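Residue numbers (the working numbering), protein chains in the order written: chain U, 1 to 164; chain W, 1 to 164.
Don't read these hints as lab results, they were simulated from the structure. Treat the hints loosely; a few may be bogus.
Remember, identical chains collapse to one label, so a pair may be satisfied in a single copy or spanning two.
[Claimed, not checked] List of simulated lysine to aspartate or glutamate pairs, EDC-like, C-alpha gap at most 20 Å:
1. 91 with 63
2. 91 with 64
3. 91 with 103
4. 91 with 104
5. 91 with 50
6. 98 with 143
7. 91 with 25
8. 135 with 104
9. 98 with 50
Note that the coordinates shown come from a computational prediction; the quantities given were computed from them, not determined experimentally.
Take a look at the letters that make up each chain.
Protein chains: 2
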Amino acid sequence: MTTTSPESAAAAGETNDPIYIRRLELSDHERGFVALLSQLSTCPDLTASEFATRFAELAAQGDDHVILVAEDTSAPERRILATGCLFVERKFLRGGGKTGHVEDVVVDAAARGRGLGLRIVRRLVEIARDAGCYKVILDCTPELRAYYAKCGFVEKGVQMAVYF
Amino acid sequence: MTTTSPESAAAAGETNDPIYIRRLELSDHERGFVALLSQLSTCPDLTASEFATRFAELAAQGDDHVILVAEDTSAPERRILATGCLFVERKFLRGGGKTGHVEDVVVDAAARGRGLGLRIVRRLVEIARDAGCYKVILDCTPELRAYYAKCGFVEKGVQMAVYF
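Same shape as in the complex, but just chain U:
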């Protein structure tokens, strides 16, 4: 038995797992992070300055806003193959409780089927639990219900939206 997680073991070079899951870094702008998001939604590229500005805004939220990425350490350019976001909403209800919101989960089309998205989502759920959230929620298409069920999610309601 070891308590070393697969990710930290990979980081320490103790396994052959080439995937390193870590928090987003400023330099990920050059590792295809924005291009990866474009596989999820409309996502024009950002200049380095625009990326840095948004990065700083989110970093100022500390552990209330976490973006995880899966880096391919086996490739020279160390591309980002998957990502997912968690932000923590502080409420007055539930005794001043907190809700974790999972957003913007996407896996590069060429890297799907390897469980990268599930690893990221499970890690985000752990982070939310450790932060004291009483629940974690996300919205998805009906087709993805079974996918998120693998991470312990159950259907709870309907998502409504207004687009401007």
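Please build the complex by placing chain W on the supplied structure of chain U, with the hints as guidance.
Same frame as chain U, now just chain W:
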């Protein structure tokens, strides 16, 4: 024609509308705000200190976190009859876009049917649009689809949740 909104007119005493819609204030702890939330979810009362701490945390988010309340100005105790929350999530996708999240909408059981919830939600949607959000989303039970449709919301997906 006048451009004065019903709420600002009421605030100025220009109409007989006793409902004043405004942002949450620290003193709303004594106007039944927490008790109102208990009609939505598990919501033990907070001490004045606990309420003030959470209030300050949220106030620090500025216009990225807005709680509106409907105050009954006709009652001596000026109770809070309805509330709703909007918070703004900053993203990297959509050219560094923003999403508005509507949460914790509740109307006092004795004040339902007067359109207070709709007035609050419509105002939150306006605030989100003015803040530059490209969309506003919320989660609800299937029974509330028609209610939110009155504010322009359409069904978009399913909400999934993990409870700890």
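For each hint, the structure was consulted:
no. : hint         : in the structure
1   : 91 with 63   : both (16 Å within a copy, 16 Å between copies)
2   : 91 with 64   : both (13 Å within a copy, 14 Å between copies)
3   : 91 with 103  : both (19 Å within a copy, 9 Å between copies)
4   : 91 with 104  : between (22 Å within a copy, 9 Å between copies)
5   : 91 with 50   : between (30 Å within a copy, 12 Å between copies)
6   : 98 with 143  : neither (28 Å within a copy, 25 Å between copies)
7   : 91 with 25   : between (29 Å within a copy, 15 Å between copies)
8   : 135 with 104 : both (18 Å within a copy, 14 Å between copies)
9   : 98 with 50   : between (30 Å within a copy, 14 Å between copies)
Violated hint for the displayed structure: number 6, the only one.
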